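Visitor: Residues per chain are reported as follows:
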Amino acid sequence: EVQLLESGGGLVQPGGSLRLSCAASGFVFSSYAMSWVRQAPGKGLEWVSSISESGGSTNYADSVKGRFIISRDSSKNTLYLQMYSLRAEDRAIYYCAKLGTTVVTPMTNWGQGTLITVSS
Amino acid sequence: QSVLTQPPSVSAAPGQKVTISCSGSSSNIGHNFVSWYQQLPGTAPKLLIYDNDKRPSGIPDRFSGSKSGTSATLGITGLQTGDEADYYCGTWDSSLSAWVFGGGTKLTVL
Numbered sequence: 001e002v003q004l005l006e007s008g009g010g011l012v013q014p015g016g017s018l019r020l021s022c023a024a025s026g027f028v029f030s031s032y033a034m035s036w037v038r039q040a041p042g043k044g045l046e047w048v049s050s051i052s053e054s055g056g057s058t059n060y061a062d063s064v065k066g067r068f069i070i071s072r073d074s075s076k077n078t079l080y081l082q083m084y085s086l087r088a089e090d091r092a093i094y095y096c097a098k099l100g101t102t103v104v105t106p107m108t109n110w111g112q113g114t115l116i117t118v119s120s
Numbered sequence: 001q002s003v004l005t006q007p008p009s010v011s012a013a014p015g016q017k018v019t020i021s022c023s024g025s026s027s028n029i030g031h032n033f034v035s036w037y038q039q040l041p042g043t044a045p046k047l048l049i050y051d052n053d054k055r056p057s058g059i060p061d062r063f064s065g066s067k068s069g070t071s072a073t074l075g076i077t078g079l080q081t082g083d084e085a086d087y088y089c090g091t092w093d094s095s096l097s098a099w100v101f102g103g104g105t106k107l108t109v110l
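Chain order of the listed sequences is S and D. All letters in the first sequence, in the order written, are residues 1 to 120 by our numbering. All letters in the second sequence, in the order written, are residues 1 to 110 by our numbering.
The hints are simulated quantities; they were obtained by calculation from the structure and are not laboratory data. Small disclaimer: the values here were computed from a predicted structure and weren't measured. Be aware that a few hints might be false.
Unchecked claim - One-sided excerpt, in silico: chain S residues whose CB lies under 10 Å from chain D:
1. N59
2. A97
3. W110
Glycine included, each C-beta is placed from N, C-alpha and C at the ideal position.
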């Protein structure tokens, strides 16, 4: 059974940094692309970033480009999202999602999400 | 403003059928597969339809998907109260090199 468990969420001040982790199990992590998707309170889904199965290719939404970095460690079966210069509008539940074999394939499995609050 | 356009809400009675539309452009729906996601209240999204019209294992055949040109449609027959949820369409946008979602449609089963 595919399991994705996000961690690292919490309260951070504007301008601060935070690193999210997503521990994956139940599939061959190194064979699948992965994504982060966020959802602000009461709002819709917003794609944040994707990374190829090898980690060699990454994509970012314009809203986070230059501030967030996606990465993966296949030895730990873990996906990361390093977030810098956080803003109030980054407040959201952040979901980790497993894609197919490439970044253009659908999000087949989702984690339960971790909440980020940006406030002073 | 979402790249993909969905109606904010739809409603129908139990047992009836409903469709949810998703409109895009040539750079997204027009050239890539569409997937649909169901988000029950207070839970994470779940893949409902992929590659325009395919259902993952465990998804009942009451749920169907189709695509024509730059639009896609999700259909749900035999509506149940447990189908009340937010539904999102999504696809890859080749021009943006980004995943894009619709704004979501809230389904109410009256």
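Visitor: Under the constraints set out in the numbered hints, which ones does this structure not fulfil?
Guide: Violated hints: none at all, because every hint is consistent with the structure.
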